[in-house]
Every structure is written in C-alpha cells, then in structure tokens.
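J.: So you can see what is in the structure, the chains are spelled out below.
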Amino acid sequence: MLIEDQHSVEFRAEIRAFLDVAPSEEILEAGRKTTSVFAPFKETMAWHKILFRQGWVAPTWPLEYGGTGWTVEQRYIFAEECNRRGVPPLLPQNLQMVGPAVLGFGTQEQKEEFLPGMLSGEDFWCQGYSEPGAGSDLAALKCRADSDGDDYILNGSKTWTTYGHHANKMFALVRTSSAGKPQAGITFLLLDMNFPGIEVRPIVGLDGCPEQCEVFFSDVRVPKRNRIGEENKGWNVAKYVLEFERGGSSFGAWLVPALEKLRARSSLALDDSGRSVADDVHIQRRLTELEIDVRAVEHTEKRVNANLKHGENPGPMASLLKIISSEVMQKFSELQLDIVGLDALPLQTAALAVGSDIAGFGEESDMLVMPYYLNTRAASIYAGSNEVQRSLLAKAILAS
Amino acid sequence: MQYQYNEEQSQFKDMLRKFVQDKYGYDCHLALCKSEQGYSEEHWQQFAELGLLGLPFSENVGGLGVDSGFLMAIAEEFGRGLVLEPYIATVVLAGGLLAKADNSDLSNVLLPKLVAGDLKLCLAWEERASRGNPLDVNATATRSHIGDNLLINGEKCVVLGASSADKLIVTAVAEDGGLNAYLIDCDAVGLHVQAQTLADGQRAGQIRFCNVEISADAALFSDGKAAATLQETLHEALLVMAADGLGAMDQLLALSLDYCKTRQQFGVPIATFQTLQHRLSDMMIACEKTRSLLWAAFQVQGSSEFGERVAMLKAQIGSAGRYVGQQAVQLHGGIGMTEELSVGAYFKRLTVLDLLCGNRDYQLNYLAQRQTQLTVDAA
Ligand SMILES: Cc1cc2nc3c(=O)[nH]c(=O)nc-3n(C[C@H](O)[C@H](O)[C@H](O)COP(=O)(O)OP(=O)(O)OC[C@H]3O[C@@H](n4cnc5c(N)ncnc54)[C@H](O)[C@@H]3O)c2cc1C
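Line by line, the protein sequences are chains A and B.
The first sequence begins at 1 in our numbering and counts up by one.
The second sequence begins at 1 in our numbering and counts up by one.
Some clues are possibly wrong.
List time: in silico EDC-like cross-link candidates among lysine to aspartate or glutamate, alpha-carbon distance up to 20 Å [said to hold, decoys possible]: (1) B/Lys113 to B/Asp102; (2) A/Lys261 to A/Glu327; (3) B/Lys23 to B/Glu7; (4) A/Lys261 to A/Asp280; (5) B/Lys261 to A/Glu327; (6) B/Lys261 to A/Asp280.
These aren't lab readings, by the way, just hints derived from the structure by calculation.
All chains should be built: construct the whole structure from the sequences, respecting the hints.
T.: Here it is as structure tokens:
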C-alpha cells in the first residue's frame with residue numbers, strides 16, 4: 001500500500017486504540033476459534049453489541065440509520081484492524097442482508113420496528129431462502145404463504161438456514177403465487193422464530209458442529225404488515241440486497257495477516273535440531289504462489305472499491321471477486337493443512353468450543369486447521385456457487 | 001503384467017464387498033465414529049473367522065501366505081465401506097514388520113495370536129519432525145543400568161490403532177547409532193498413550209516414552225537390517241493404503257454420478273450442465289490414473305523399483321484423493337457439507353490418508369532426491 005495520508009493514519013490509530021481495549025477475552029477467544037465464515041454465535045453477538053454502542057457496527061449503512069459515514073478506504077482500514085486484533089467477523093445476516101432489504105423497501109413503520117434490533121444485536125435474523133429443492137435455482141422455492149385476512153399462513157420448509165437454532169427472527173422468501181414466471185410469485189417476509197408452528201432441526205456439519213438448520217413451517221401465521229415490498233415482488237428485494245452486498249468486500253484484509261501467520265508457523269522448529277517445514281523449497285514456492293494469489297485478491301478488491309466510489313456498479317466483477325476470494329481461501333486452507341501436517345489430523349471439536357476446559361492435543365492454532373479446511377469447502381457452494389458465478393461471468397462477457 | 005485382480009482375488013473381493021455391505025452401513029460407520037472404542041470388537045472377531053487377519057502371514061503362524069493383491073482387495077472394499085477397524089495398523093504395519101523380524105521368538109509367539117484375533121498391535125514410527133521419513137528418528141534406546149535392559153525415550157505421533165493395541169512396536173535409535181524396533185506392552189511403566197480421534201473417525205494415539213524399561217530380547221532386529229525392513233514394510237503398507245483410498249475415490253465417483261443424475265435444479269438433472277459433466281470426467285480420470293499407478297507398484301513389489309513406484313502412487317493418491325473428495329462435496333452442494341450423507345466421510349478419509357505416512361510434498365521430495373542420486377551415481 002502507498003503511504004497513508006495523515007487522515008487515514010489518524011483514523012487507523014483511533015480504531016486501533018478502541019480495539020486494544022474493547023473486546024473481552026471470550027470475544028477474542030471466539031475470534032481465534034473461528035473456523036468457518038460464521039464465527040461462534042454468542043461471543044460474536046456480544047461483540048456486535050459492543051460495536052453498536054461504539055457506533056461502528058454498520059459501516060455500510062446510511063449515516064441517518066446508524067451507519068458511520070466512513071469512506072470505502074476507511075471501511076477497509078477498519079476491516080484490516082479488526083483482523084489484526086483477531087476479533088470475530090460479525091455475522092452478515094442482520095447488517096448485510098435483511099437490514100438493506102428493510103432500508104430499501106421497508107415502510108417508515110417497518111424501519112422503526114425492525115432496524116433498531118438488527119443494529120443493536122438484540123435480534124439475530126437468520127436467512128430463510130434455500131429449500132431442499134431450491135438451491136442454485138432459488139426461484140424454484142415452494143414454501144407457501146396463503147393469504148388469510150391480515151395474515152399469511154405459511155407451510156413448507158427451509159434448509160441450510162445458518163444459525164437458525166440461535167435466531168429469534170427470520171427473513172424469508174416465500175411463494176405467494178404460482179402464476180407466471182417462478183420469480184414473479186415470490187414474497188419477502190419477516191417472521192419471529194417463536195411464532196407457533198415453526199420447528200428447527202440443526203444439521204451437523206463436516207466438522208461435527210451444527211451450524212446450518214432445517215426449518216419446518218406448519219400453518220404459521222405471519223401478519224401481512226411483516227411483508228417487505230409488494231406481494232409477489234420479493235425477488236426484487238432479494239436482488240437489491242445482493243447488489244447492496246457487492247463491492248466493499250475485504251477478504252484481503254483477512255488473507256494478508258493470515259498468510260503472515262502461516263509463514264511464521266512454517267518456520268517453527270520441528271525438533272531440537274531446529275529444522276522447520278520452511279526448509280523445504282517446495283513449501284517456500286507454494287507459500288510464494290499463494291502470496292501472489294492473495295495480493296491479486298487484495299488489489300482486485302481495492303481496485304473495485306476505488307471505482308465504486310466513482311459511482312460505478314461492480315457488475316461482473318462481483319462474480320469474479322466471489323470466485324477468486326473463495327478459491328484463494330480454499331488454497332490457503334490446503335497449504336495450511338500441508339504445513340501443519342500430522343498435528344492437524346485429530347479433529348478436536350470439544351476442545352475448540354469457546355470456553356471449553358478440555359485441553360486437547362497440540363497448539364490451539366493447529367487444532368483449527370482441519371475444521372477450517374473442511375468448512376472452507378463451503379465457500380465455493382454458498383452465496384452463488386462458483387459454477388453459477390462462472391456462468392454469470394461468461395454471460396456478461398459474452399454479451400458485451 | 002497384472003493390471004487387475006486375478007480370479008481368486010476377485011472372488012475374495014466380491015465376498016468382502018458383500019460382507020462390508022451387510023455389516024457396515026453408513027449409520028454403523030457414524031455410530032462407531034462416535035463410540036468410545038471407535039471400532040467394533042465383534043467385527044474384529046469376524047475378520048479373524050474369515051481369515052482376514054492371517055492373509056499375509058506364513059502358514060506356520062496360522063496365516064494363509066497370500067500375496068498383497070489380496071490385501072489390496074480387502075483395503076479397496078474397506079475404503080469403499082468406510083471400515084474403521086485397525087486392520088492396516090495391526091496386520092499390515094505392525095504385523096508386516098513383525099513377520100520380517102529377525103527375532104523369530106517374538107514373531108512365532110505373537111503372530112498366531114494376532115491371526116486368531118486375540119492380539120492387537122500398532123507400529124509407532126512417525127514423529128513430529130520426521131514428516132513422513134521413517135529413517136528420521138529422534139526416539140532412543142539406551143542401555144539401562146540393569147543387566148541388558150534398555151530404556152526407550154521419545155515421542156511418536158498419530159500412531160494408528162494405538163488406543164486399541166495390546167502391544168506396540170516402536171522404532172528408536174540404538175546406542176550404536178543404528179535404527180531398531182522394539183516390542184513393548186501398552187501398559188508398560190513410563191509409557192503414556194493419549195488417544196486421538198482423527199478427522200475421519202479413525203483412532204490413533206500420541207505416545208510418549210519416558211524411560212520405558214524393556215529387556216534386550218524385545219528388539220526385533222539383530223544386525224542392522226531394521227532400516228531396510230522398516231522401509232519395505234511401509235512401502236507395502238502404502239500400497240495397501242492407496243488401495244483403501246482408491247476404494248473411497250471409486251465410491252465417491254459413483255455417489256456423485258448418481259447424485260448428478262437425480263438432483264434437479266432449473267428443471268433438469270444437474271448432470272445436464274456441461275461444467276459438471278467435465279468435472280465428473282476429471283474425477284474419473286483421477287481414479288483411473290491412480291488405479292494404473294497402484295498396479296504399476298504392485299507389479300514390482302520386492303524389486304528395487306518398488307520404493308519409487310510406491311512414492312509415485314502415494315503422491316498420486318494425495319492429489320487425486322484431494323481432488324475427488326473436494327469435487328464430490330462441491331457437486332453435492334450444501335448437503336455435501338454435512339454428516340447427513342456419506343460423501344463427507346469419504347472426503348475426510350481421503351484427507352487423512354494424504355497426510356499420513358508422508359504427504360504429497362514428502363513423496364515429491366523423496367522422488368526428486370532419488371532421481372538426483374541416480375544421476376550422480378551414473379556420472
Ligand atoms: C455453509 C453454508 C451456509 C449456508 N447458509 C444459508 C443460509 O443461511 N440461508 C439460506 O437460505 N441458504 C444458505 N445456504 C445454502 C446455499 O445458498 C446453497 O447451498 C446454494 O445455493 C447451493 O444450493 P444447493 O446446496 O441446493 O446445491 P445445488 O444447487 O443442488 O448444486 C449442486 C451442484 O450443482 C451445481 N449447479 C447447480 N446449478 C448449476 C448450473 N446451472 N450450472 C452449473 N452448475 C450448477 C452447483 O454449483 C453445485 O456444484 C448455505 C450453504 C452453506 C454450504
């Protein structure tokens with residue numbers, strides 16, 4: 001990076017001073033023990049609340065609704081400093097997903113009712129989009145909402161709902177009409193997880209931990225005033241949210257320090273003779289190759305962000321960023337596995353729970369390597385699989 | 001040139017496939033993963049009854065003395081069925097080394113028990129620093145002050161089957177600087193086994209030896225043959241482990257083909273999408289290349305080329321297993337990331353296999369150094 005201007009230097013110092021004192025031990029432990037994109041729930045929400053009190057929880061939101069008014073560069077600096085300090089990344093559902101939907105399409109009344117809880121972290125909203133039959137083909141969703149006076153009556157199910165078992169609220173896409181194109185009969189609804197008729201079943205992941213859930217609805221009454229946007233126009237809301245998400249990404253801010261740590265890990269002595277994995281030129285080359293990929297992601301992200309400021313839409317670059325950042329994370333997770341080697345083999349789920357008093361084998365950072373590798377396979381599946389993203393990219397460049 | 005199982009081996013393999021299918025559903029695998037022991041003693045006794053535990057050993061210790069094609073056949077079916085019993089640890093690794101030991105007093109007593117299912121062994125050779133090289137050993141065997149006794153000191157990691165073994169064989173450097181292997185009871189004083197559950201559910205152990213006192217006749221080798229024999233045993237074990245991995249890869253390909261044909265998105269089976277078709281082809285290519293290298297190694301067993309071909313095979317199973325595992329998860333989408341389907345279990349088995357006994361990086365270095373050495377020798 002170029003030498004920062006005085007303004008950025010001061011900004012960075014201010015962030016750093018806050019981060020040095022604000023997170024508790026538990027929050028930092030959760031940050032260390034984050035092995036998927038979704039950090040441990042309880043401590044991450046505690047951190048969410050602290051950032052809210054500081055006024056820094058929603059840098060991407062408009063200032064008048066609780067945003068920070070920071071520039072894109074300042075947001076990146078904030079992300080860099082958060083990663084340096086090792087605090088858990090905030091869960092994206094409240095602030096990057098449902099928040100923008102309400103901001104963009106909600107009535108004044110809905111904004112007043114729902115935004116404060118999203119912002120403060122009093123509420124946690126899970127995302128009820130995917131269904132067993134509707135993954136990549138989201139518009140095929142079937143979960144039905146039938147009109148009944150002032151209510152909708154919901155029947156069907158959702159799946160892969162991240163932290164559905166922790167959530168008290170859900171934003172969902174539901175079917176209100178089967179006429180016309182599938183996209184045309186979808187409605188965006190907000191619901192309470194304690195509405196009668198909702199049942200949640202956690203799904204155990206590859207690392208042995210429940211993170212996603214199945215959610216079943218039988219005759220669940222949802223008041224119509226919980227609808228965001230018009231009936232049958234939910235697809236537009238969902239698309240708007242996706243666009244809101246685009247740009248402003250900061251994977252580089254995570255990858256750069258992570259790579260530094262991996263280099264340090266590779267040069268740890270293996271035994272008394274002082275030999276290390278980094279003595280192997282092959283490993284050195286792999287680290288260097290990875291660094292090139294990491295820098296490419298970092299600077300593509302920054303380039304896209306810089307252009308966004310001038311009012312440009314990232315367009316197909318959003319797909320490109322999704323693809324390269326997920327793939328470099330996967331490559332990172334593999335090299336890390338190869339460097340740590342045998343020490344990564346025992347899967348120590350219990351020892352990795354935040355606050356666990358089970359000691360486990362070896363260094364905590366080594367225990368994280370296997371679950372991280374396993375969980376990072378999801379990065380090319382969620383948020384539009386990489387196959388689907390490549391098709392979008394191809395369509396865009398072929399059309400131009 | 002043998003490139004497939006012969007008739008006898010095929011029959012045996014079919015029989016095993018049925019046995020594994022009957023006994024070993026995915027539910028059973030999951031239950032065993034979560035059980036205290038990590039495997040089923042009942043299954044182990046059935047292995048004994050079927051003669052599986054005696055396959056490679058000579059008839060005078062109760063074995064069948066058949067070639068490693070049979071062991072490959074077993075391993076393929078065990079890999080395909082996600083079998084968790086410590087077969088490779090006991091029979092192929094520890095049993096294999098013991099059968100080649102100079103100390104026939106030990107092998108003649110222990111192998112019949114092993115074959116009968118009454119004794120489980122493990123081979124403690126990997127160390128943190130060895131990174132796959134069996135000759136890179138820090139553990140020591142020094143003379144104690146009592147008679148001819150020896151003291152074992154050191155630490156071994158990810159010892160397969162350690163938590164279920166009755167006795168273990170440990171490699172250590174003797175006072176003359178030579179490598180040897182020693183038989184020790186798992187309840188010996190000064191020996192600490194920390195049981196581990198690996199990512200694929202397999203059990204292993206971290207073993208610390210603090211002045212573990214053994215008598216001199218616990219040594220397996222007498223005349224400096226230990227190093228070569230240990231390497232040979234590991235090469236044979238790698239052949240069998242690769243067959244296990246291949247069984248898992250074949251099964252992942254079969255599961256993925258099935259899934260892509262049945263899973264519908266956008267109103268069509270996802271197998272309709274060309275990018276996924278190509279992915280399936282690449283997975284098949286990875287399996288077939290591995291199968292070729294497996295047989296290529298099998299053919300030269302016992303010759304000076306065996307080590308090289310086994311290293312190639314292990315490097316191949318490392319990358320091919322990783323590719324097939326990752327792509328099988330990818331093609332399954334969200335459900336591939338869960339315990340609900342067996343896909344993830346195979347993916348994890350292949351991940352663990354790659355890192356055991358020298359990962360791909362180690363094998364590449366080994367092969368490159370060997371090549372350099374040959375060039376130097378020729379000049
Ligand atoms: C960790 C994780 C967290 C998640 N969290 C949530 C959540 O909170 N809320 C929520 O609603 N959902 C969530 N999801 C679901 C996620 O959005 C879906 O998994 C994703 O949309 C893919 O759908 P699927 O799993 O049904 O796979 P499928 O769509 O069935 O895909 C299977 C395979 O087919 C490929 N494929 C599909 N269509 C095409 C095509 N047209 N061309 C080429 N290839 C294609 C895919 O790329 C994939 O490889 C989560 C998923 C994961 C893994």
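J.: Next step is simple, just say for each hint if it's right about the structure.
T.: Okay, the hints, checked on the actual structure:
Taken as a hint, the B/Lys113 and B/Asp102 pair is honoured in the structure, with Cα atoms around 19 Å apart against an allowance of 20 Å. As the CA atoms of A/Lys261 and A/Glu327 are separated by approximately 19 Å, the hinted pair is consistent with the 20 Å bound. The hinted pair formed by B/Lys23 and B/Glu7 fails the criterion: a straight-line CA distance of about 24 Å is larger than 20 Å. A hinted pair counts as satisfied when its Cα atoms are at most 20 Å apart, and A/Lys261 with A/Asp280 qualifies at roughly 18 Å.
With a CA separation close to 26 Å, the supplied pair B/Lys261 and A/Glu327 exceeds the 20 Å bound. A distance of roughly 44 Å separates the Cα atoms of B/Lys261 and A/Asp280; the hinted pair therefore is violated under the 20 Å criterion.
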